[in-house]
Amino acid sequence: MTDPIRDDIRRVLAEHARLPADVQSIPDAADLFAAGMTSHASVNVMLALEDTFDVEFPDAMLKRSVFESVDSIAVALQQIKVSPE
Amino acid sequence: MTVEVDADQAFRASIRRIADDVARAHADGVDREARFPTEAVGALREARALSALVPEEFGGGGVSLEAVARACHDLGRACAATGMIFAMHQIQVATIVRHLDGSPWFQDYLGELCRDQRLIASVTSEVGTGGDMSRSIAAVTPAGDGELTLEKNAPTVSYGAHSDDLLTTVRRAPEAEASDQVMVLHRASQTELEPAGTWDTIGMRGTCSPGFLVRARFSADQVLAAPFSKMMNESIVPLSHILWSHVWLGVATDAFERGRSFVRASARRTPGAPVPAAHALSRVMAELSMFRSDVASALADFRAWSDAPDREPLSTMVSVLRFNNLKLAASEHAPRICSGVLEVVGIMAYKNDSPYGVGRHMRDALSARLMVANERIHAIDASLLMIAKEV
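Residue numbers (my numbering), protein chains in the order written: chain E, 1 to 85; chain F, 1 to 391.
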């Protein structure tokens, strides 16, 4: 269960996603927007993820589906790390 | 290919005729009395223009979005309220056509829309959300007998009292989060509209958009299954900004044409003499040209992005910024072009009963600042520009 990327993602979400529920209680695949993340909060999440992981999301990745769950964020981060622009 | 071009040409010719013969003739009266443009909308129904965007397989006109956008411009040029009502209706139709996902109920509905030329209003804004379309307070609520209900306090519902059906944004269920939204299409006969306010406005008076407490009772089939956020990104927001901008471009174009008629009349009176007003009008024309290019390129971008697999580019933040910026530009250009004409023409443009009058145009063009308030759009853009890489 120890996954450092997902742990870091959860830390960013806890600080910036402003979810009504506890981030730790939300499953990896659950829809964060349905859980109450606003589009405004999602921008702050993106900025904090860029800072935390020292990456830049290309424009094509700046969309709802990329940031809708802990899993989708982890996949996106791995893609950027594997093939940086 | 030729068939599509033919459908577009016939459609545009009938729209131009309606704009010139019907909408223009009643524009001043519609504005003065703040009344629904019954004659123009009646003529649009008769020409089957309300189903123009519906594919032919459902009985619609199969007309292209480009032709419908030009129609919004042509109608807006004659009567801004008619143009705006037409634009809003087409946004609703396009949303259903693009997101029905094979739903039998909505397919049947489209057939009915074509047959009866039904006019669809939308209930998106809500008291208490601060103008944020991506959040709702009202929710789809089970009535207990298998049917569903909703009750929404809407600050403006354009032509709500004149519509046949309403497309309303609500939360998916009573326990859903504010951002977990769906759209419901309910018929006027399933709806109770309790008036909550008046519509005595500066401009766009004929859109008849007072507030209502909206109550409706409907079946589960009438809920569009696609997530609202997807419909908002791929259709509602970009199409609203594009089609509204075509209406405002039409308003500005008509104001400019009035200025040009005035300048030409002056030039004819004293041939050969310098016409300082023409120089001043040339500046207005340059801005109109810029405005027209911006509107056209936004439509071309939308077409290209919409044709991409899964309409993928439309779901990015770059797309949100693109169409937000179009709306902001339109809201600056349209009133400035109208006031530019006022300065060129002078008192004859200031008079309401003059053929060169642009008072109605100026008032109608101001709606561009408020239809999604510029400040709200700047607030969204301000956060997006920090993360988007290319704008």
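Note that these hints are calculated values from the structure, not bench results. Check each hint, because a few of them may be wrong.
To be verified - List time: in silico EDC-like cross-link candidates among lysine to aspartate or glutamate, alpha-carbon distance up to 16 Å:
| # | chain 1 | residue 1 | chain 2 | residue 2 |
| --- | --- | --- | --- | --- |
| 1 | E | Lys63 | F | Asp381 |
| 2 | E | Lys63 | F | Glu312 |
| 3 | F | Lys389 | E | Glu50 |
| 4 | F | Lys351 | F | Asp101 |
| 5 | E | Lys63 | F | Asp101 |
| 6 | F | Lys230 | F | Asp310 |
| 7 | F | Lys230 | F | Asp28 |
To see whether the hints hold, each was checked on the structure:
Taken as a hint, the Lys63 of chain E and Asp381 of chain F pair is honoured in the structure, with Cα atoms around 15 Å apart against an allowance of 16 Å. A C-alpha spacing of about 9 Å is found between Lys63 of chain E and Glu312 of chain F, which places the hinted pair at or below 16 Å, so the restraint holds. Taken as a hint, the Lys389 of chain F and Glu50 of chain E pair is honoured in the structure, with Cα atoms around 12 Å apart against an allowance of 16 Å. Among the hinted pairs, Lys351 of chain F with Asp101 of chain F is inconsistent with the structure: their alpha-carbon atoms are about 52 Å apart, more than 16 Å.
Restraint check for Lys63 of chain E and Asp101 of chain F: not satisfied, since their Cα atoms lie roughly 21 Å apart, outside the 16 Å limit. Taking the CA atoms of Lys230 of chain F and Asp310 of chain F, the gap is near 11 Å; set against the 16 Å cutoff, the hint holds. For the hint linking Lys230 of chain F to Asp28 of chain F, the alpha-carbon distance of about 39 Å lies beyond 16 Å, and the restraint is violated.
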